[in-house]
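Top line first, the protein sequences correspond to chains B and H.
Quick note on numbering: the first sequence equals residues 1 to 245 in the UniProt record's numbering.
Quick note on numbering: the second sequence equals residues 1 to 322 in the UniProt record's numbering.
Don't take every hint at face value.
[Said to hold, decoys possible] Capping the alpha-carbon separation at 20 Å, the derived lysine-lysine pairs in PhoX-like fashion look like this:
1. B/Lys236 / H/Lys322
2. B/Lys2 / B/Lys50
3. B/Lys220 / H/Lys297
4. H/Lys319 / B/Lys239
5. B/Lys236 / H/Lys313
6. H/Lys313 / B/Lys224
[Said to hold, decoys possible] With the C-beta cut set under 7 Å, the calculated list includes, among others, these residues of chain H facing chain B:
7. Val147
8. Thr186
9. Tyr301
Simulated from the structure, these hints should not be mistaken for laboratory data.
For each residue, glycine too, the CB sits at the ideal point set by N, CA and C.
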Amino acid sequence: MKILVCITHVPDTTSKIQFTDNNTKFDKNGVQFIIGPYDDYALARAVELKEQLGATLTVINVGEAETEPTLRKALAIGADDAIRVNAFPSDSLFVAKQIAAIAKENNYDLIMMGRESIDFNGGMVHGMVGEMLGIPSVSPVMKLEIEGDTVKMAREIEGGKEHLEAKLPLVAGCQEPIAEWKIPNMRGIMSARTKPLQVVDPAGEEIATEVTTYQLPPAKGTVKLVDKDNVEELVKLLKNEAKVL
Amino acid sequence: MSVLVYIEHAEGSVKKTSLEAVSYGKALSEKLSAGEVIAVALGRLDSGELANVGQAGADKVIHVDDEKLNAGVIQAHAEAVAKVYQQSGSSTLVLAKSSMGDAVAARLAVKLGAALVSNVVDLPDTSNGYKVKRSIYTGKAFAETSVNKEHKILAVKKNAVDLKMNGSAAPVEKVDLDIAPANFVTEITSTDKATGEVLLPEADIVVSGGRGMKGPENWNLIEDLAKELGAGTGCSKPVSDIGWRPHHEHVGQTGVKVAPSLYVAVGISGAIQHLAGVNSSKCIVVINKDAEAPFFKAADYGIVGDAFEVLPKLTEAVKALK
Ligand SMILES: Cc1cc2nc3c(=O)[nH]c(=O)nc-3n(C[C@H](O)[C@H](O)[C@H](O)COP(=O)(O)OP(=O)(O)OC[C@H]3O[C@@H](n4cnc5c(N)ncnc54)[C@H](O)[C@@H]3O)c2cc1C
Ligand SMILES: Nc1ncnc2c1ncn2[C@@H]1O[C@H](COP(=O)(O)O)[C@@H](O)[C@H]1O
Numbered sequence: 001m002k003i004l005v006c007i008t009h010v011p012d013t014t015s016k017i018q019f020t021d022n023n024t025k026f027d028k029n030g031v032q033f034i035i036g037p038y039d040d041y042a043l044a045r046a047v048e049l050k051e052q053l054g055a056t057l058t059v060i061n062v063g064e065a066e067t068e069p070t071l072r073k074a075l076a077i078g079a080d081d082a083i084r085v086n087a088f089p090s091d092s093l094f095v096a097k098q099i100a101a102i103a104k105e106n107n108y109d110l111i112m113m114g115r116e117s118i119d120f121n122g123g124m125v126h127g128m129v130g131e132m133l134g135i136p137s138v139s140p141v142m143k144l145e146i147e148g149d150t151v152k153m154a155r156e157i158e159g160g161k162e163h164l165e166a167k168l169p170l171v172a173g174c175q176e177p178i179a180e181w182k183i184p185n186m187r188g189i190m191s192a193r194t195k196p197l198q199v200v201d202p203a204g205e206e207i208a209t210e211v212t213t214y215q216l217p218p219a220k221g222t223v224k225l226v227d228k229d230n231v232e233e234l235v236k237l238l239k240n241e242a243k244v245l
Numbered sequence: 001m002s003v004l005v006y007i008e009h010a011e012g013s014v015k016k017t018s019l020e021a022v023s024y025g026k027a028l029s030e031k032l033s034a035g036e037v038i039a040v041a042l043g044r045l046d047s048g049e050l051a052n053v054g055q056a057g058a059d060k061v062i063h064v065d066d067e068k069l070n071a072g073v074i075q076a077h078a079e080a081v082a083k084v085y086q087q088s089g090s091s092t093l094v095l096a097k098s099s100m101g102d103a104v105a106a107r108l109a110v111k112l113g114a115a116l117v118s119n120v121v122d123l124p125d126t127s128n129g130y131k132v133k134r135s136i137y138t139g140k141a142f143a144e145t146s147v148n149k150e151h152k153i154l155a156v157k158k159n160a161v162d163l164k165m166n167g168s169a170a171p172v173e174k175v176d177l178d179i180a181p182a183n184f185v186t187e188i189t190s191t192d193k194a195t196g197e198v199l200l201p202e203a204d205i206v207v208s209g210g211r212g213m214k215g216p217e218n219w220n221l222i223e224d225l226a227k228e229l230g231a232g233t234g235c236s237k238p239v240s241d242i243g244w245r246p247h248h249e250h251v252g253q254t255g256v257k258v259a260p261s262l263y264v265a266v267g268i269s270g271a272i273q274h275l276a277g278v279n280s281s282k283c284i285v286v287i288n289k290d291a292e293a294p295f296f297k298a299a300d301y302g303i304v305g306d307a308f309e310v311l312p313k314l315t316e317a318v319k320a321l322k
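The shape of chain B in the complex, shown without the other chains (with noise of 0.2 Å):
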């Protein structure tokens, strides 16, 4: 069994978003990158299969170098070796289909990503990497029990849950409750130090969508305050002022 999980590198949840050279470029100054929140649920589940099934777990990156901390501490969390794919990710079908090139190679029987990255939010490089391998995509998975060549999922859909099969080989778009986030441990830490590392070049250079400019939201305004013993007032500014009722 080979399961392989996608990282991604992307700014802390808690970053303040700024762009610099004429809002061309994410300014990265004070910014502390991490494993993408759902990359990390799916890596979490893969660490967890990998115990139970003796699986090996590869973890992929499309990147430039900077992104190696990133691999190094899927490494530690519990990865086998990982495959930096040196390109900056400027698209998502770009992104899919340099994924797809190494699955290909590889025969992985699971790919486990995340639901979306929460850079840019596309939801959208797991359907394409099962549509370029001709495999099932599904996503957002919030439970994953693979049963011999079998996968049991729980999948969310708007207001409740639906419960699906299917065989292996598959792609997953992970979210919790699938598994806890894990942090790596000492040891851990260590042997991801010489854990193998690839680097390999990209596969084709064409790109569909590139960002032209970046742009911030207007400022909110200062929050209007109601006194607690006098409710009424709220309900009459929703109604008249902000016409929300």
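Once you have looked at the hints, place chain H with the ligands on chain B.
Only chain H with the ligands this time, still in chain B's reference frame:
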């Protein structure tokens, strides 16, 4: 040439977000002279309900009336939409961003060799190339994105476009498609669905509770207000993590992103990850006993007070309004 809009339906009605996508498709077609707006619906659904899609701007509805497509099997939906897209000679596919929409759009981008832009918040600007504005960093920024392919798929963010229901009923054309069994490789074994509730992603008003509500036994206070407002109910992440509320109610960066007209947050501190799920709301009301709670900085209106005192009064005041 035409604009194809993929529409989703649940429990016999077309989703509001899909109607918004149709309105977007109509505005896009008018702006770019992109031809007819054709909506495509998959699975069993009443023709009258489908004709209604015309009011949101569709010139025609193509209905693949195949029971097998009622279940949301992603691959089968992608295959069906691809066929309709090609048969109708469309150049743009529009759909509402949702868990099903994303999954289908992604597979379609590969099938059709199309460029895909997600979280679209505005009509394309074609004054210099083809540029679309989309929301990124979970609503914390926007990116003007240039699209370099002939075929385009635009996944529209909810509440980003005005829903106009000023068109007229559209003709519904039934189409039979031959979807190969190989597309039905995932089997849906059962569904647990909250019925009769206002669905969170669709709700126009949302009332959410956080850890300040102290326990699940107090949620009747949230539900009473929600009921009076016709609202959906949400919660913060710790609340669903501890199991006070179901997971699908969890709002925020790692949960549901809502964009209602009114978001009422009760006993929620306003951590940045929670705000990421609500920052597209039109109006935010915060009720918190701590005047320093960060949520007040993101709010339009606020009450500093104890939720257990304020909520019953607020529910009464809303009732009195009617
Ligand atoms: C990667 C990551 C992703 C995350 N994603 C999310 C997410 O998607 N959504 C999310 O919500 N969180 C998320 N979090 C967690 C987030 O950081 C906060 O911990 C969480 O939002 C806090 O929930 P809370 O406001 O309910 O609880 P608390 O922070 O404990 O706040 C409780 C609030 O209730 C108030 N209160 C207490 N008693 C009363 C009373 N009687 N009346 C009125 N007010 C009262 C308090 O003053 C306080 O402000 C994420 C965290 C991480 C690290
Ligand atoms: N640059 C990347 N490298 C590796 N995996 C990625 C990359 N971008 C996206 N993914 C994976 O695809 C998932 C969905 O991403 P997206 O479609 O961009 O929202 C993420 O949660 C990751 O698992």
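### Query
If you draw a straight line from the CA of H/Lys313 to the CA of B/Lys224, is it 20 Å or shorter?
holds (19 Å)
### Query
Within a Cα-Cα threshold of 20 Å, do B/Lys220 and H/Lys297 meet the stated pairing?
holds (8 Å)
### Message
Holds or violated: B/Lys2 and B/Lys50, Cα atoms, limit 20 Å.
### Response
Within the cut-off at roughly 9 Å; holds.
### Query
With a cut-off of 7 Å, does the beta carbon of H/Val147 approach a beta carbon of chain B closely enough for the hint to hold?
holds (5 Å)
### Task
Could you grab the alpha-carbon distance between H/Lys319 and B/Lys239 and see if it respects the 20 Å cut-off?
The given pair, whose Cα atoms are some 13 Å apart, holds under the 20 Å limit.
### Task
Against chain B, run the beta carbon of H/Tyr301 and see if the smallest gap drops under 7 Å.
holds (5 Å)
### Query
Can H/Thr186 be said to touch chain B, with a Cβ gap under 7 Å?
At about 4 Å, which falls below the 7 Å cut-off, the nearest Cβ of chain B leaves the hint on H/Thr186 intact, so it holds.
### Query
Holds or violated: are the alpha carbons of B/Lys236 and H/Lys322 at most 20 Å from each other?
holds (12 Å)
### Message
Tell me if the straight-line CA distance from B/Lys236 to H/Lys313 falls inside 20 Å.
### Response
Roughly 14 Å between the alpha carbons, so the hint for B/Lys236 and H/Lys313 holds.
The structure is consistent with each of the numbered hints, conforming to all of them.
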